[in-house]
Amino acid sequence: MIEAEGLSKRYGKTLAVDNLSFSVQSGRVTGFLGPNGAGKSTTMRMILGLDKPSGGNVRIDGKRYKELHNPLRTVGALLDAKWVHPNRSARAHLRWLAKSNRLSPKRVDEVLDLVGLTDVANRRAGGFSLGMSQRLGIAAALLGDPQVLLFDEPVNGLDPEGILWIRRFMHRLAEEGRTVFVSSHLLSEMALTAQELIVIGKGKLISQCSTEEFVAQATENTVLVRSPQLALLRSALGELGASIRDDGESLVVSGMDIAKIGELAAAKNVALHELSPQRGSLEEAFIQLTGDAVEYHAALGDAAPAQPADLMPLGK
Amino acid sequence: MTLLAVERIKLFTTRSPLWCTLAALAVTIGFAALLAGVDTENLPTIASTQFGMNFGLMVIMVMATLAITTEYRFGTIRATFQAVPNRSATLIAKTTVVALFAGIVGELAAFGAVGISKLIQSGADLSINTPFEWRATAGVGLVYALAAVISVAVGVMIRHSAGAVSLTLIYVLLVESLVALIPNVGDDIQKWMPFYVVNKFLTGDPDITNRPIQEGPPPSLSSLSPWWSLAYFAGFALIMLLAALFTANKRDA
Chain A
1 MIEAEGLSKR YGKTLAVDNL SFSVQSGRVT GFLGPNGAGK STTMRMILGL DKPSGGNVRI
61 DGKRYKELHN PLRTVGALLD AKWVHPNRSA RAHLRWLAKS NRLSPKRVDE VLDLVGLTDV
121 ANRRAGGFSL GMSQRLGIAA ALLGDPQVLL FDEPVNGLDP EGILWIRRFM HRLAEEGRTV
181 FVSSHLLSEM ALTAQELIVI GKGKLISQCS TEEFVAQATE NTVLVRSPQL ALLRSALGEL
241 GASIRDDGES LVVSGMDIAK IGELAAAKNV ALHELSPQRG SLEEAFIQLT GDAVEYHAAL
301 GDAAPAQPAD LMPLGK
Chain B
1 MTLLAVERIK LFTTRSPLWC TLAALAVTIG FAALLAGVDT ENLPTIASTQ FGMNFGLMVI
61 MVMATLAITT EYRFGTIRAT FQAVPNRSAT LIAKTTVVAL FAGIVGELAA FGAVGISKLI
121 QSGADLSINT PFEWRATAGV GLVYALAAVI SVAVGVMIRH SAGAVSLTLI YVLLVESLVA
181 LIPNVGDDIQ KWMPFYVVNK FLTGDPDITN RPIQEGPPPS LSSLSPWWSL AYFAGFALIM
241 LLAALFTANK RDA
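Which chain is which? The protein sequence lines are A and B, in order. Under the UniProt record's numbering, the first residue of the first sequence carries the number 1, and numbering increases by one thereafter. Under the UniProt record's numbering, the first residue of the second sequence carries the number 1, and numbering increases by one thereafter.
Honestly, I wouldn't trust all of these hints.
Unchecked claim - Computed list of lysine-lysine pairs in BS3-like fashion (alpha-carbon distance at most 30 angstroms, straight line): (1) A:K204 <-> A:K63; (2) A:K13 <-> B:K191; (3) A:K66 <-> B:K250; (4) B:K250 <-> A:K204; (5) B:K250 <-> A:K63; (6) A:K82 <-> B:K118.
In case anyone wonders, no lab produced these hints; they're calculated from the structure.
One chain only, chain A, in its complex shape (with noise of 0.2 angstroms):
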């Protein structure tokens, strides 16, 4: 289990996490989302003791990261699968790894085996493909057999079949039991690897919550309705409360089941062309959630100077 409180970073005058908390769950894999840029990595590092929060502080298992006494037997992660000499083999890289730990080097062929890079394990690391490079620093990772593992990025820059992999992996390591943090940038593919969301956007928490009801709250669902007597049936709609969207041809429904607004017509007498449900792409709504937040970051700038002039005519 992860937990962060209050957790920020900045460098200079940008503050790259502002006051994040969030508690990651084992057992389950829980994505970690946000644009590029939005913070997702300085997080990460943070939570491996590799860079100093300015503010707050994270928790693996109610420890810090420094408390952790050989932190690979605790935590493995894959930050970046480039974290490796290129002149160095999978297996010298590794070695040093268990022996830096004090795990046993049979544990070293293990993970190789694990993760299928037995037979590349004595070539150099920096003549591997990214989706080698990606599963000997997933092998990196398990070294340790830990129960809380961290992914940045995964399946970055990896062809189908090695996302496909990574996923059933992450999964597997979850119904094992452990705590499995994944951060992505697309919202499509944490839709299908994590149980859990953080979303976060410049650097601030935007919601926490179960996937499933991440989707159904970001995909806006609407009804499209094209009728001849467009007018009629817009204002009994109104008259109900529901929200429309008109663009002359045909009208844009939210706020209403799509059952309630047939039988309404039935019953206005209204003829039908068209009644049918949309559903608005996971992209346009996770770009809709987060562009939200960059707005909100801009006006804050533009809304304190125009505070006192809004409070004037309340104080006469």
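Since the structure of chain A is provided, determine the placement of chain B on it from the hints.
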């Protein structure tokens, strides 16, 4: 001990230490062979066999710098700090391993140079008897080891291979010599420059061999005694190391 073993694995599973060792031995032993073979008028002395010592030192310092800057370059330093969050312990272990390795190369270079000179000029008296002769040969390893500590420290602070290597070489090769050109005070400042001072340990006081000055490393005019010179150099290395540990702990990895 675990951390030392980790750093040993890291050092010897890449190729650059091997190449640097070969290069260091080639320049030191090579120069000794050249001098013994070409200069037929003067028989080689212990001092003259160590002519290439400073060139080997440069190679070793480059090797020691790269041992840490490549970790920053390839991100393995983050993997290291992730595996062992105690950064001071990790970096001290690395420094120790690199320094020990540099020391061994130094001994090989120094005694190799004596050996090859004896092979070429079998008539030369190259037995090692006096304290000076011991310092001039066995002392090379000590100087290489301490210089490696300084290089690792600079590497930790600068983090970039090119920057750290050029800074080190410019300092050792240019700054310490050119500082003497400052009017009035230049010579006095130079007397306290660490690499200039440590030369006293290897070459000075008293050089009973009465070698011609051009045969062997230039003597040092430091006012410290040879062993105090080494202590001064060690103190400088320690300060650099502490500064490096301080920055590494303060900075984000």
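These are the hints, each one checked on the structure:
Taken as a hint, the K204 (chain A) and K63 (chain A) pair is honoured in the structure, with Cα atoms around 23 angstroms apart against an allowance of 30 angstroms. Distance hint between K13 (chain A) and K191 (chain B) is unfulfilled; the C-alpha atoms sit about 45 angstroms from each other, more than 30 angstroms. A C-alpha spacing of about 14 angstroms is found between K66 (chain A) and K250 (chain B), which places the hinted pair at or below 30 angstroms, so the restraint holds. A C-alpha spacing of about 26 angstroms is found between K250 (chain B) and K204 (chain A), which places the hinted pair at or below 30 angstroms, so the restraint holds.
Between the alpha carbons of K250 (chain B) and K63 (chain A) the distance comes to roughly 21 angstroms, so the proposed pair stays at or under 30 angstroms and holds. With a C-alpha separation of about 50 angstroms, the suggested pair K82 (chain A) and K118 (chain B) falls outside the 30 angstroms cut-off, and the hint is violated.
Figure legend: structure checked against the earlier numbered hints; hints not met, in rising order: 2 and 6.
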